[in-house]
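For chain X, the structure is supplied; the task is to place chain S on it using the hints.
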Amino acid sequence: MSTSSRFAENLGLLLKLASMSGARLASGLAVNKSVVSRWLNGEARPSAANLARLTALVAARSPGFGEADWEREPQGFAALFGVDVGAREQPAPVLPIPGWEEMAATAALRGAAYEGFFRTTRPGRSGPGEFVHDHVMVRRDGEGVLRLRMGNNGVSMGGVLIPWHSQIYMIFEDAIGGTMLFAVFNGLGAAKIETFDGLALVPGFDLTHTFALMAAICERVGDLSGDAEADDRRFQALIETRHEAAPGSIPEALQRHLVRDVGPAQRALGGELLPTMPLSRSMTRASPARS
Amino acid sequence: MSTAFSEKLRLVLKVLSLSGARLAGELNVDKSVVSRWLSGAVQPSAHNLSLLTALVSARTEGFSTLDWERDLKGLAARLGADPGAVGGGAPPTPAGLPLAILSQAVSTTALRGAAYEGLFRCTRVDPAGAGDFLSEQALVRRDERGLLRLSFGGGGLTAEGWVIPMHSQLYVIATDVRSGIMLFGVFNGPASARADVFDGLVLAPTVDIGRTPTAMPMYCERIADLSGDAQADERRFADLAAGDPRTPAAAVSERLRKHLLRDIGPAQHVLGGDFLLTMPIVRSLARGPGGGAPLEER
Chain X
10 MSTSSRFAEN LGLLLKLASM SGARLASGLA VNKSVVSRWL NGEARPSAAN
60 LARLTALVAA RSPGFGEADW EREPQGFAAL FGVDVGAREQ PAPVLPIPGW
110 EEMAATAALR GAAYEGFFRT TRPGRSGPGE FVHDHVMVRR DGEGVLRLRM
160 GNNGVSMGGV LIPWHSQIYM IFEDAIGGTM LFAVFNGLGA AKIETFDGLA
210 LVPGFDLTHT FALMAAICER VGDLSGDAEA DDRRFQALIE TRHEAAPGSI
260 PEALQRHLVR DVGPAQRALG GELLPTMPLS RSMTRASPAR S
Chain S
146 MSTAFSEKLR LVLKVLSLSG ARLAGELNVD KSVVSRWLSG AVQPSAHNLS
196 LLTALVSART EGFSTLDWER DLKGLAARLG ADPGAVGGGA PPTPAGLPLA
246 ILSQAVSTTA LRGAAYEGLF RCTRVDPAGA GDFLSEQALV RRDERGLLRL
296 SFGGGGLTAE GWVIPMHSQL YVIATDVRSG IMLFGVFNGP ASARADVFDG
346 LVLAPTVDIG RTPTAMPMYC ERIADLSGDA QADERRFADL AAGDPRTPAA
396 AVSERLRKHL LRDIGPAQHV LGGDFLLTMP IVRSLARGPG GGAPLEER
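Chain order of the listed sequences is X and S. For the first sequence, counting from 1, position 223 maps to 232 in the numbering used here; every step adds exactly one. For the second sequence, counting from 1, position 132 maps to 277 in the numbering used here; every step adds exactly one.
Isolated chain X (complex conformation):
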């Protein structure tokens, strides 16, 4: 942490503790409001004269406070005023998304339909005939968010599944590798999803993570046991080995479903212009409601 950002954090803490606004501090020190806001956002540190006046202001209320105290770590700084900042909440990093509240409410309501273990089938990168299976675990966390884990060959990514309108959106992230994976699948408002398919933007293992668009299908291979640790172990066991589809193990119909010719030449022949996964040929299906 740079010294100006530490100063900024400590000053911010102090103002909150005194329930004082930056504007009031500015008028107390007879400086411009913009000066105080630059201190508070870490863009600038006070001049020696202003620091001395600021310190005197604090010392008037808190005897013994000196200029050196501004250099303390925020926790130690707060302790000077009898405050334990450990008790403050550390907000988890979240990305604000328009409509997120409704999405989260949908996940909380319908999320059970998506929980479980799934096996994916998707084309390999090298060419026709080769397919890969990943394994996915879907489980709601304490806040009702559908958390994803997907892995293959000992490598896994975490993510979030968002059932929203008639789609299933999946966002995976690999914080260590610094990559993400996006997927848009066809969903169903049903009791328990068995199979769902769609398109995914998948990073490559090359140096520049070349992304490829591929069609993929997820088939349920099991339900959650209710014992989170046992489920974690099961997931680990599923992803330990490299899962490539054995030659000939993928039925012709599924191969044609996942691997297609598209583009202007196909369009001229009556085919499709772009990679799509329309609901009309989607293999998404659910089992009827259980009693």
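Every clue listed holds true.
If you anchor each label on the Cβ, the simulated ranges turn out as follows: (1) S/Leu172 <-> X/Arg62: 29 to 39 Å; (2) S/Asp175 <-> X/Asp150: 34 to 44 Å; (3) S/Asp353 <-> X/Pro260: 28 to 38 Å.
By construction, these hints were calculated from the structure, which means they are not laboratory data. For clarity, every value in this text was computed on a predicted model and none was experimentally measured. Here a beta-carbon is modelled for each residue, glycine too, at the ideal position from N, C-alpha and C.
Below, chain S alone, put in the same frame as chain X:
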């Protein structure tokens, strides 16, 4: 996750046996203001928060603005209520998409984010047209959290979201505010001080009734830098986005047409073409200043 201010305020009112209307009266603000705080629609201004804090401290010795940052149980304890009595019931709703990668994204954005700020024109195949194209607008600027905020729009779309730079990629997550569909993108980000062109792949359901998951390449070209006046930039973006995005194929250069519209699949692979839709760096047109000739001249 952090507890919403609205929940904390509800707790405070409950503990102090105050109604929202009475609070409004004591603070001398309109009742509707307090109800918007309670619904979570808005947060109190710094001035009102200090008035509110003063009101609580009159009943709870030493209560300060900092105490609002406690979690719900901590706040209950601070007010002398039973912490066990809160936190039950419905789980709190997280404020947004939880992403572990975000802190990394914030530091990458601090380093490289300025390169991607600006107003861009983005071209892609029209999924509803027979080989025609769409030209849409993207406004990218850093917000107060240090993330790159994206507004993306054309005739059919008004999307709001984020550009997340990581390694050599730019990841895009956006939501169309009218239809609610989510749009994803992965772009090649030129490693230069200023991105003039970036291209990549986008994936989203179509906006039509079928909502068909569809993917395609997209090519974005800078048309202006940020002016320094955020409202002026947003007006300019809105004006451009209000135009008709449909662009006939004839108005797109042949090279760009070929870049955006490709034959792919197993039959192509046999002919030596692409098996899957990709946008490898070697084929990318992404560039910064001096990073290559404009597309039309290559």
